[in-house]
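Protein chains in written order, with the UniProt record's numbering: chain Z, 1 to 410; chain X, 1 to 410; chain V, 1 to 410; chain R, 1 to 410.
Keep in mind that the hints were calculated from the coordinates and are not lab data. All residues carry an ideal CB built from backbone N, CA and C; glycine is no exception. Hints may contain errors.
Think about it this way: if two alpha-carbon atoms lie no more than 27 angstroms apart in a straight line, the pair counts; the simulated DSSO-like pairs of lysine-lysine are [what the hints assert, rightly or not]:
#	chain 1	residue 1	chain 2	residue 2
1	R	Lys351	V	Lys351
2	V	Lys123	V	Lys15
3	X	Lys123	X	Lys182
4	Z	Lys351	X	Lys351
5	R	Lys122	R	Lys49
6	R	Lys49	Z	Lys351
For each label pair, taking beta carbons as the anchor points, the in silico distance ranges come out as [as the list claims (entries may be wrong)]:
#	chain 1	residue 1	chain 2	residue 2	range
7	R	Ala41	V	Ala144	23 to 33 angstroms
8	Z	Ala57	R	Gln7	41 to 51 angstroms
9	V	Glu293	X	Pro195	20 to 30 angstroms
10	R	Glu120	V	Gly292	31 to 41 angstroms
11	X	Pro29	Z	Asp2	54 to 64 angstroms
12	V	His197	Z	Arg402	37 to 47 angstroms
13	R	His67	Z	Arg402	53 to 63 angstroms
14	X	Arg8	V	Gln13	30 to 40 angstroms
15	Z	Leu17	R	His67	39 to 49 angstroms
Each chain is listed here by its residues.
Number of protein chains: 4
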Amino acid sequence: MDFAPSQRSLEYQEKLLDFMDRHIYPAEPVYAEQMAESGDANFDPPVLKSLKAEAKARGLWNLFHPHESEEWGSPGLSNLDYAPLAEIMGRSPQIAPEAMNCNAPDTGNMEVLQLFGTDEHKKQWLRPLLAGEIASAFAMTEPAVASSDATNVRLRMDADGDEYVLNGRKWFASNALHPHCKVLIVMGKTDVDAPTHRQQSMMVVPIDTPGVRILRGLPVFGYLDREGHAEILFENARVPRSALLAGEGDGFMISQARLGPGRIHHCMRSIGTAERALDLMIDRAQKRVTFGEPVANRANIQDWIAESRIEIEMIRLLVLKAAWLMDTVGNREARVEIAAIKVAAPQIALKVIDRAIQVHGGAGMTDDFPLASFFAHQRTLRLADGPDEVHKRTIAQVELRRMAPGWHRS
Amino acid sequence: MDFAPSQRSLEYQEKLLDFMDRHIYPAEPVYAEQMAESGDANFDPPVLKSLKAEAKARGLWNLFHPHESEEWGSPGLSNLDYAPLAEIMGRSPQIAPEAMNCNAPDTGNMEVLQLFGTDEHKKQWLRPLLAGEIASAFAMTEPAVASSDATNVRLRMDADGDEYVLNGRKWFASNALHPHCKVLIVMGKTDVDAPTHRQQSMMVVPIDTPGVRILRGLPVFGYLDREGHAEILFENARVPRSALLAGEGDGFMISQARLGPGRIHHCMRSIGTAERALDLMIDRAQKRVTFGEPVANRANIQDWIAESRIEIEMIRLLVLKAAWLMDTVGNREARVEIAAIKVAAPQIALKVIDRAIQVHGGAGMTDDFPLASFFAHQRTLRLADGPDEVHKRTIAQVELRRMAPGWHRS
Amino acid sequence: MDFAPSQRSLEYQEKLLDFMDRHIYPAEPVYAEQMAESGDANFDPPVLKSLKAEAKARGLWNLFHPHESEEWGSPGLSNLDYAPLAEIMGRSPQIAPEAMNCNAPDTGNMEVLQLFGTDEHKKQWLRPLLAGEIASAFAMTEPAVASSDATNVRLRMDADGDEYVLNGRKWFASNALHPHCKVLIVMGKTDVDAPTHRQQSMMVVPIDTPGVRILRGLPVFGYLDREGHAEILFENARVPRSALLAGEGDGFMISQARLGPGRIHHCMRSIGTAERALDLMIDRAQKRVTFGEPVANRANIQDWIAESRIEIEMIRLLVLKAAWLMDTVGNREARVEIAAIKVAAPQIALKVIDRAIQVHGGAGMTDDFPLASFFAHQRTLRLADGPDEVHKRTIAQVELRRMAPGWHRS
Amino acid sequence: MDFAPSQRSLEYQEKLLDFMDRHIYPAEPVYAEQMAESGDANFDPPVLKSLKAEAKARGLWNLFHPHESEEWGSPGLSNLDYAPLAEIMGRSPQIAPEAMNCNAPDTGNMEVLQLFGTDEHKKQWLRPLLAGEIASAFAMTEPAVASSDATNVRLRMDADGDEYVLNGRKWFASNALHPHCKVLIVMGKTDVDAPTHRQQSMMVVPIDTPGVRILRGLPVFGYLDREGHAEILFENARVPRSALLAGEGDGFMISQARLGPGRIHHCMRSIGTAERALDLMIDRAQKRVTFGEPVANRANIQDWIAESRIEIEMIRLLVLKAAWLMDTVGNREARVEIAAIKVAAPQIALKVIDRAIQVHGGAGMTDDFPLASFFAHQRTLRLADGPDEVHKRTIAQVELRRMAPGWHRS
């Protein structure tokens, strides 16, 4: 149980911290201004392009990618080595991950294309994604069924000669409103009569496929995120047989493979977000004076600061343990820990952010500070990839089996 | 301690429920569509005008107003009688209160003008406010100082001949971006050398006064509310001496008088909002199926429903008690209860709404349901009119004195 | 919804407060000393006898009893009128209720005997109970089955000629170790083939019946309460047919009738216990100095005081509402409110007591203050008469039906 | 940050687990019976003697001791290596630690004697302590002053010729009622005019010193622990100058040195206690049937199980980190983490135990299960060695300094 980052990870941390200080934090107000001026929620602000170039030049590109590659600049870090880097990116969650090509859902999509894509998929979609030239979305959740149970998806993918015909409705397809978004990875059902976990397939669908209609971007609280969380209608959208990832019926398996790293990346970033909220809380508490003394002198505020520190320390260690387990014994053996951090990381981040908002007074609700936006987006993480309750159920079932006669957790 | 509503209140409840069912709820999607189509966050949607006419016609107008008046249609209800009505309005908080001319901050401003305004103020501003023809804002909070301590305000109101010259910056002046907003009630300092609570004065300032500049509307969790929470700059804005409400140095006193009813109205509406969230939670839980059974069958969700019911019942009774005390012994004697509901009502509403969001999954974060908006606006109530911590401090001080030798709570 | 106590209740409050000040509180250390000196956990301390005489003399006797009677000195108060009196008794829960013959389970047993007992039962058991000459226990819960479901009881009551033969095991029969305990009211099954809710019967069993063996007193967090929570074995214990309360198969019905008032009395006393804990917390916080200032000056402690006050106010009102409903529309119509207070009152009391313990430091865990004992006994109330979860389930089911199409809570 | 236990630690874990299974758990009912039969709360039950012999024979002795020694059988484990062993002992906290000579306060006293004792102290007291032949107490806390501030102690240690004369009152001197207790380590003031942190001294005081009077054992909730938490009066108790540990004025320094390991040992054991409570909860939930199905099938109980697992995992990792820091950079550098686990470990254990009690129903409050005792003793840990609030204050101060301009946590 060695959570120490490698020398390489430490070097990347140093480089990354420097990049944050010199480029990311200073870019935040610029970004806000460019977005506001554009009047377009899905605008691609020029500052992001500069940041991407700078990140590439500094070798801070595709850090998430588990495979080392000179071609696309990824160092091939382990989950444990990537964890502190993702955390740091999480301190500026709207900008930093995308600036370094480490943002969801592109990261998960790149992994899926790498593992299950054809050569053609890789050439056409994976390469430009790795280069940060295009964006992609993942169309899995549907408005009509509970996303907590992935076997529920209803979108039909009916074989018809050399093609599949797609009919159905997806939503929360993040990135689909990104100006650069060119491709969707879509989960649907190819065979409703197959066994429950073999009915689903996953396909690569160009966003401009006739019959694919992006209906709207969904707000999160009042935020219409730049990348967009799209509701998409598929009406007789036709893709060739070669759109299939892996084989027919492999959709559920791919979705599971995709989730492990995706979840842990989110949790890592949640910690960075919580750390930033704590910094903001402390800073405000030291500067704000009420009833004759700085808010920071008050014992209730000190309690909040201490509780935040304690909770952050605990969840960081659990995320590191999950990462270490994924690296050493694999995602399946790490499933309790992955479920645990999926539940605990956003909850802890939300508690810290909420306290920080309270210390900021009304200002904490506005966009003069990133706290309200942090809150809204951490709140989504208690629902995305399955609500807390589903993950707790997973953990409980392992515990219940642990105590059943003759059973040992493998 | 008789919390039973009077016969009149019961009649109004019946009329109000009918109005909600026939007009307000059906207007919600229309409102949303008109707002979206306008592309203008501060648009005045036509549906609101119709609702106001209908409300007036039904005698559901100015129900909040403590004084009975045929002229402006207010029945002169006690706080206790108004409480259940405000609660019902709180079920559709964006529309119902304004449709019946019972929305903050106009209600508080009308009371202030009634109590402390000159005949001229009443003629020019109070009358059209009572008629719902204009809107008004209240400019109290300042970005540079903690709003939890009202004596902190820094905006200067310097006497200069027959005029006062106003210089300073306000924010969270709600309603100031309302297309009908014509007047601001502004708190500032006329004499920085007076005793702490006599430095402040309150003035009536037409919104088109030269030197008054509305800088921007502040978002609340990403929501740019229709009425607007404005940041306003006062640069050598000149008003006549007659702008003064009551006398010089009476500002703090007026602010205290204004707060009692304002706070309790908010709390009443919070309960209605919580009830609606609970209804939505139950409805969703009954309709949504996961792992083979309705979510409503699960014991954890049933616990949430029960806890929500318990909490709502408790806070409703405490709000009624505060209302009853205000009616019978006055705001000052009710100060512990007013502080208590100011803390507890939004917190309970937030808990209920958060559970409802969780049951709704991703949909709960969007505007397909009002839950995320409910959450954002209830969250502001933990800060508006002083953060929770200030009100708890008030309560604690009364308790500490209660136990001090020889002291009895008067 | 008029919660105002009647004039009579107010007069009793005044008399009761005087009795508490002059006799009960001063008796607490005496009681502790007499118990300690006796070396017998179930000792009957002489001070209690004096207190009973004094209470009788002051007309503070059988206040709980819903029927007015000169004979046994009960004023016949409504639940609403009794509520503030029970609350005051709850400030000294070990002594005050028994000193005034208002202690569980005798109160519930007296009501059951009154309603369902034969003339013989009344003469032999009810009269001396009303006079405070004997004590009684209620044998319902069994170690082998979940008490949350009253139909679960397994003790057999087999008819055999003119007798019933009882076999089974009960526990948590409170009062059974009381030196004055003479009689048990026992729930068991007379017909296992009857419909689920008609299998049970209730019988009056003299404690010295051969075959009734009191095995031990159960500790509660280390406390061996004076009255005792007994485990009792019934081995071929024979009682005459006349032992039956009401008829065969009426046991479940009687148990339901018994529960309503019992639960609300517990909740009323919980509030008094919480009030006393709050007083102790404030007193200690004012007297204890750390790091150069009284603990009471610290904002975190002030928050605890305020939160305690808020929570106590809320639960008191809900208990009053439940009492008022029981008085006006009956126990069945009050079932949601009874379930709600059963859940909320002990939880709130526990929160307040826990904070008070924390403010007392180590002393709070000892018997130098009553806080640890308060905690232990309030904790039992989250389990006695069914755990919280069962009551929340009841509430949730009413809520779920409320929202079902075409259903209205009657 | 390598938390992996060494090979030696793993071997000890295996041996310890075997000892627990074969001897400790089976001894629990024997211990309970011997204690009950004795009728003496401070009885030394024979089973403990056998367990000690067995532990010694198995080489499971003095595992806590940081120094390796063949003489007294301690393996000289690091904090990190000892952590999982202490956790396992914590599963049977009343018996296991003492059976292996790893129980507080003897462990802390042994460390203090080792570091600061004279040769004579070591010969007379340390050696038999290491051999488990005698017991010792630590007399620090005083009833009259807040123990959260160690400089507060008032007991006087006045030099008088070759002697010191001790006058004052201590309490919560655990172990002082142990039949084998022979010696007290006492903190007092030798010079009230010295600088605040140099006024205190620590002395070795034989328990039979004239003028040392053990007044009573303090209950914790209702538990009168076997080892006893004593209130002790010192009236002109005279000890020779050689009783001094280190030098005059070193008392505060010694107390700080003593606290680090003591706190972490408590936290380690808390985790073991929580694990056992979780096992009991799961076991009960699987065996208990209500409303037709095992309690373990209910989603609310599954949530409790999962939340318990998540919280235990988090706090275990934080304790390991604190241990690792103490081993690698020292107690001072680990002070935030030590404070953090001091706050979080008992709180998490209490949450888990409370849920387990709830699942057990009434049985959970009795001594048929160890849960109520676990709860009472974990509750003390939120107060012992300073209440939570003091440790949170420590953490907050480090955080506030971290954000102060130009400051970095060393």
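Notebook entry, point to check: Honestly, which of those hints from before does the structure not fit?
Noted result: 2, 6 and 13
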